[in-house]
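Engineer: Work the whole structure out from these sequences, hints included.
The listed protein sequences derive, respectively, from chains P and R.
Residues in the first sequence are numbered from 1 upward in steps of one, following my numbering.
Residues in the second sequence are numbered from 1001 upward in steps of one, following my numbering.
Quick caveat, the hints were computed from the structure, so don't treat them as lab data.
Since this is a predicted model, take the numbers as computed values, not measurements.
Wrong hints could be hidden among the right ones.
As a list, the in silico SDA-like pairs of lysine to any residue whose alpha-carbon atoms are at most 25 Å apart [said to hold, decoys possible]:
(1) R:K1121 to P:R68
(2) R:K1097 to R:L1081
(3) R:K1097 to P:A31
(4) P:K81 to P:L60
(5) R:K1121 to P:T37
(6) R:K1121 to P:T35
(7) R:K1121 to R:Q1026
(8) R:K1121 to P:A31
(9) P:K81 to P:A31
(10) R:K1121 to R:L1044
(11) R:K1121 to P:F38
(12) R:K1097 to R:T1085
(13) R:K1097 to P:L20
(14) R:K1097 to R:Q1026
(15) R:K1121 to P:L22
(16) R:K1097 to R:S1051
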Amino acid sequence: MLVSILGRATGDIMGTVGVLLLLGWLGSAAAGPDTYTFFITHASAWYGQVVLIGLTWVLLQHAATGLRHLVLDTGAGYELKSNRLWAIIVVAVPLLLTAALWLYIYFGKI
Amino acid sequence: MDGGTSLSQVRGLGAARAGTDHWTLQRMTAIANLTLLTWLAVTLATVEFGSQAAVVRWLSTPYAAVPLLLLCISVFTHLRLGLTTLIEDYVHSEAVKLPLLLLLNFFTWGGVVFALFSVLKLALTVATGAPNA
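Structural biologist: Rendered as structure tokens:
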């Protein structure tokens, strides 16, 4: 149940906030060098990074829930045990991937 | 066998039985999104995009511009379907639901055209400065 509502919530966040960021990125680049520099400056600031890290998790969580849905659509994965296992994986993996990705971005190869 | 009126043919006597509906389109754009977003993530990890000149250089080739254009179309279609479902599920008053759905559609159409215009403007800008390495 949690997985399902996370899927919906993350989708809705991206569809409202995330998409505005996408339009901001593309639009500021199309507008010109100064506008783009303004966008990048704010994206690189600490609050911009917080937003980007958050959106990374939102995107990965939505994709994971979506993949689970696609598998369920084929009719597989409805048995109680495997269903529970995949639900846990689908919530844990996006968190781990987000952490791994951003640790790599900040601290480079280990 | 005569198909009857052209309207009856459109309504499901043809081989497809139905048009591409909500459910199918959502799955199609979902898979397209997964593919194209993976491409975008790998690309952004490898190309420089900190300056507007770098973005112009990156998008000057169709191998970059076309997937990005397709991604915009797929993402906006997917989000329109998803948010439509959200409104349909939680808004029960027709008087509120219908204007909201209208607003959503205007938002997504405005957004996708804005995105496509931006990408095209960048892709068609003549790059100045040092060429790609």
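Engineer: Each hint: holds or not?
Structural biologist: Hint-by-hint comparison with the structure:
For a cut-off of 25 Å, the pair hint linking K1121 (chain R) to R68 (chain P) is broken: about 37 Å separates their Cα positions. Between K1097 (chain R) and L1081 (chain R) the CA atoms are separated by roughly 15 Å; this keeps the pair inside 25 Å, and the hint holds. A threshold of 25 Å between alpha carbons decides the hint, and for K1097 (chain R) with A31 (chain P) the separation of about 35 Å lies outside it, so the pair is violated. The hinted pair formed by K81 (chain P) and L60 (chain P) meets the criterion: a straight-line CA distance of about 24 Å does not exceed 25 Å.
This hinted pair checks out: K1121 (chain R) and T37 (chain P) have alpha carbons roughly 17 Å apart, not beyond 25 Å. Only pairs whose Cα atoms come within 25 Å are accepted, and K1121 (chain R) paired with T35 (chain P) is accepted, the gap being roughly 15 Å. Pair hint K1121 (chain R) plus Q1026 (chain R) does not hold up; C-alpha atoms about 29 Å apart against a cutoff of 25 Å. Between K1121 (chain R) and A31 (chain P) the alpha-carbon distance is near 9 Å, which keeps this suggested pair within the 25 Å criterion.
Between K81 (chain P) and A31 (chain P), the direct Cα distance comes to roughly 53 Å. Violation of the 25 Å bound is thereby established for this hinted pair. At most 25 Å may separate the alpha-carbon atoms for a hinted pair to count; K1121 (chain R) and L1044 (chain R) meet this at roughly 19 Å. For the hint linking K1121 (chain R) to F38 (chain P), the alpha-carbon distance of about 19 Å falls within 25 Å, and the restraint holds. The hinted pair formed by K1097 (chain R) and T1085 (chain R) meets the criterion: a straight-line CA distance of about 11 Å does not exceed 25 Å.
Annotation: proposed proximity of K1097 (chain R) to L20 (chain P) holds, straight-line Cα distance about 23 Å (limit 25 Å). Only pairs whose Cα atoms come within 25 Å are accepted, and K1097 (chain R) paired with Q1026 (chain R) is accepted, the gap being roughly 21 Å. Among the hinted pairs, K1121 (chain R) with L22 (chain P) is consistent with the structure: their alpha-carbon atoms are about 16 Å apart, no more than 25 Å. Pair hint K1097 (chain R) plus S1051 (chain R) does not hold up; C-alpha atoms about 42 Å apart against a cutoff of 25 Å.
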